[in-house]
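Visitor: Sequences and hints are given; from them, build the entire structure.
Quick note, the sequences are listed as chains L and G, same order.
For the first sequence, counting from 1, position 62 maps to 62 in the numbering used here; every step adds exactly one.
For the second sequence, counting from 1, position 376 maps to 376 in the numbering used here; every step adds exactly one.
Hints were generated in silico from the structure; no laboratory data involved.
Be a bit skeptical, because a hint or two may be false.
Computed far set for chain L versus chain G, every beta-carbon distance over 12 Å [claimed, not checked]:
(1) P3
(2) I6
(3) L7
(4) T62
(5) G67
(6) T125
(7) E127
(8) D140
(9) E142
(10) T143
(11) L148
(12) R152
(13) V154
(14) G169
(15) G174
BS3-like mimics (lysine-lysine), calculated; alpha carbons at most 30 Å apart, straight line [stated by the list, open to error]:
(16) L/K153 with G/K169
(17) L/K55 with L/K35
(18) G/K48 with G/K167
(19) G/K419 with L/K35
(20) G/K169 with L/K55
(21) G/K3 with G/K109
(22) G/K80 with G/K48
(23) G/K167 with G/K3
(24) L/K35 with G/K48
(25) G/K3 with L/K35
(26) G/K419 with G/K365
(27) L/K35 with G/K365
(28) G/K419 with G/K80
All figures in this text were calculated on a predicted structure; none of them were measured in a lab.
Here a beta-carbon is modelled for each residue, glycine too, at the ideal position from N, C-alpha and C.
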Amino acid sequence: MDPIRILRSRTVVMATTNIDTDQIIPARFLTTTTKEGLGAQLFADWRYDASGAPKPDFILNTPAAQGCQVLVAGRNIGCGSSREHAPWALVDFGFRAVISTEIADIFRNNSLKNGLLPVIVDGATHEWLLANPGAEVTLDLETRELGLPDGRKVTFPVEAFARFCLLNGTDEMGYLLGQGEAIAAYEALHGKQPAGATA
Amino acid sequence: MAKTMFEKVWELHEVAPESADTPAVLFIDLHLTHEVTSPQAFTLLREKGLPVRRRDLTFATMDHSTPTTTDQVFGGVPIKLASARGQVEQFARNCADFEVELLGLQDQKRGIVHIIGPEMGLTQPGKTIVCGDSHTSTHGAFGALAFGIGSTEVGHVFATQCLLQRKAKTMAVNVEGALAPGVSAKDVVLAIINHIGVSGGTGHVLEYRGSTIRAMSMEERMTVCNMSIEAGARAGMMAPDETTFAYLQGRERAPQGAAWDAAVAAWRALATDEGARFDREVHIDATQIRPMVTYGTHPGMSMAIGDTVPVHAGDSVYAASLAYMGLQPGQAITDVPVNVVFVGSCTNGRLSDLEEVASVLRGRKVAAGVHMLIVPGSQQVKREAEARGLHEVFAAAGAEWRESGCSMCLGMNGDTVAKGQYCVSTSNRNFEGRQGVGSRTLLASPLTAAASAVTGRVTDPRSLLA
Chain L
1 MDPIRILRSR TVVMATTNID TDQIIPARFL TTTTKEGLGA QLFADWRYDA
51 SGAPKPDFIL NTPAAQGCQV LVAGRNIGCG SSREHAPWAL VDFGFRAVIS
101 TEIADIFRNN SLKNGLLPVI VDGATHEWLL ANPGAEVTLD LETRELGLPD
151 GRKVTFPVEA FARFCLLNGT DEMGYLLGQG EAIAAYEALH GKQPAGATA
Chain G
1 MAKTMFEKVW ELHEVAPESA DTPAVLFIDL HLTHEVTSPQ AFTLLREKGL
51 PVRRRDLTFA TMDHSTPTTT DQVFGGVPIK LASARGQVEQ FARNCADFEV
101 ELLGLQDQKR GIVHIIGPEM GLTQPGKTIV CGDSHTSTHG AFGALAFGIG
151 STEVGHVFAT QCLLQRKAKT MAVNVEGALA PGVSAKDVVL AIINHIGVSG
201 GTGHVLEYRG STIRAMSMEE RMTVCNMSIE AGARAGMMAP DETTFAYLQG
251 RERAPQGAAW DAAVAAWRAL ATDEGARFDR EVHIDATQIR PMVTYGTHPG
301 MSMAIGDTVP VHAGDSVYAA SLAYMGLQPG QAITDVPVNV VFVGSCTNGR
351 LSDLEEVASV LRGRKVAAGV HMLIVPGSQQ VKREAEARGL HEVFAAAGAE
401 WRESGCSMCL GMNGDTVAKG QYCVSTSNRN FEGRQGVGSR TLLASPLTAA
451 ASAVTGRVTD PRSLLA
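Guide: Set out below in structure tokens:
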């Protein structure tokens with residue numbers, strides 16, 4: 001995972017509310033057994049026509065979207081399926097951050113583990129971003145600030161440990177493996193019986 | 001201090017509590033895994049040279065991309081969809097390499113992961129249960145803390161049997177009153193999602209409470225908990241009670257003998273204490289719930305079948321959703337012609353669901369031009385249904401009866417709905433393209449699905465119930 005410290009990018013706006021992970025990557029592409037190359041299938045059913053040709057009016061097919069790292073989405077992006085293929089596809093396409101007023105729990109967790117920064121903003125900031133597609137914004141993970149073109153700064157929340165991992169480009173597995181002694185102690189206490197049955 | 005059930009189960013599983021800087025390390029009692037969300041996690045183990053830490057707490061089945069036609073499952077015909085075949089084969093190899101217990105394609109106990117866990121007695125009160133699948137919330141019906149995770153986290157649990165988690169908020173969903181005849185658990189959960197909204201449960205663990213829930217069977221409770229995620233909640237829980245214990249007693253993987261008595265005593269202590277506080281509470285009057293159906297492209301867009309499609313003038317997202325569905329604001333949903341009816345999934349693929357469908361289909365025919373597909377949730381459900389002669393009722397009505405799997409809920413195995421066609425489905429998601437490119441899904445109960453199959457229109461099942 002590449003570390004994130006500061007992102008500077010124009011935004012791509014998809015104002016639709018409740019963009020579910022079935023839209024981000026449809027189920028028929030989930031028979032893959034790797035993470036690679038899913039950007040080609042990102043938003044496949046919105047992006048391509050029945051013959052597989054890109055629809056010219058879909059935002060991700062327009063020249064303005066090329067090279068953008070920040071997706072501004074309508075309220076509640078990432079709802080539905082837990083498929084991590086959704087952030088894999090977004091990252092493979094080139095996105096490094098998703099901004100909305102609400103981001104679904106499992107998608108947010110999955111995003112944090114793949115170098116895709118989920119950014120929750122207030123309604124007014126969101127309205128401004130939706131109304132100004134292509135705006136040049138800055139996301140500073142160190143200060144947890146979103147910088148708008150007029151110089152305004154908006155603070156966004158990031159869970160402390162996830163922020164540490166993103167800033168350093170490390171994953172959580174190392175930390176969990178480092179808990180080996182505590183895990184073994186827990187297991188010794190609870191034996192082979194699941195904990196709920198020995199309460 | 002009075003505690004909620006969620007807090008009790010959480011505290012029982014803290015390997016390390018959370019701090020300002022780090023999430024809690026939470027021990028996982030049961031890790032269910034399937035072919036779609038595990039390959040990348042097994043790859044991670046291989047890259048790091050790690051074993052599966054607790055094979056005794058890890059259990060695998062294949063369900064999403066598996067075929068449902070008998071020739072491909074048992075008849076020696078290779079799985080026709082090449083990508084699905086590759087995924088199924090790799091999963092079997094992964095489970096063999098890492099010594100994970102797997103219900104293979106031809107296993108008599110195989111089925112949808114959220115059906116087989118309870119069926120085998122693996123799912124138990126007080127357990128933490130995870131799976132790389134958002135409908136893991138199903139298992140909360142037993143008083144387990146059960147939630148879906150991504151593939152990276154599947155790898156974490158494989159390697160450490162733990163997850164890093166921040167404690168969720170709690171929401172009590174109080175459901176009171178008796179259900180009217182013809183109204184089922186599916187209608188209840190659709191009404192709950194309609195009330196809370198599709199993101200209303202975000203950040204929360206739901207606890208379903210009240211007389212309506214207490215009166216439900218375990219199968220009905222699972223239907224409700226299954227769709228917690230459709231309200232944005234990762235988990236939904238229900239206090240274990242005599243209904244829970246009666247369901248579990250004697251099941252293959254449930255505690256036996258003296259261990260059973262000890263387990264039940266512990267399980268009784270899990271219920272939320274009197275006076276415990278929830279972060280949020282909502283109240284649902286179950287006596288007012290009528291048979292429900294969705295009309296839009298997320299599970300919160302639902303209505304009573306007798307009502308008309310709501311009007312939201314000036315809402316372009318809403319208009320786009322209705323345009324996708326080919327519906328007009330203000331129209332009667334009963335006008336909608338039905339092309340396909342799907343009965344099955346982790347929401348409504350259990351024996352009682354199939355019995356309800358048979359109660360409507362008995363002595364009736366599926367309407368001309370309607371394709372009705374009935375897919376049992378597991379091979380055990382299939383055997384039990386056949387022992388009761390349900391498959392003969394289905395066949396006489398003109399419905400198709402298959403081997404178990406997720407099937408047309410998400411169409412990964414090639415069981416899909418064609419572009420523009422309307423499918424009344426007992427599954428859980430009506431997202432655009434969920435059942436196939438351009439498919440139009442109308443979520444409903446098994447009774448409504450069966451009634452709609454018979455008439456060829458979206459139909460309130462009460463019109464067909466004697």
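Visitor: Taking the hints in turn, state whether each one holds.
Guide: Structure-based check of all given hints:
no., hint, verdict
1, P3, "17 Å, holds"
2, I6, "22 Å, holds"
3, L7, "21 Å, holds"
4, T62, "19 Å, holds"
5, G67, "27 Å, holds"
6, T125, "18 Å, holds"
7, E127, "15 Å, holds"
8, D140, "20 Å, holds"
9, E142, "16 Å, holds"
10, T143, "17 Å, holds"
11, L148, "24 Å, holds"
12, R152, "26 Å, holds"
13, V154, "20 Å, holds"
14, G169, "14 Å, holds"
15, G174, "10 Å, violated"
16, L/K153 with G/K169, "29 Å, holds"
17, L/K55 with L/K35, "25 Å, holds"
18, G/K48 with G/K167, "29 Å, holds"
19, G/K419 with L/K35, "28 Å, holds"
20, G/K169 with L/K55, "42 Å, violated"
21, G/K3 with G/K109, "37 Å, violated"
22, G/K80 with G/K48, "34 Å, violated"
23, G/K167 with G/K3, "14 Å, holds"
24, L/K35 with G/K48, "17 Å, holds"
25, G/K3 with L/K35, "41 Å, violated"
26, G/K419 with G/K365, "25 Å, holds"
27, L/K35 with G/K365, "46 Å, violated"
28, G/K419 with G/K80, "21 Å, holds"
Consistency with the previously given hints fails for numbers 15, 20, 21, 22, 25 and 27, ordered from lowest to highest.
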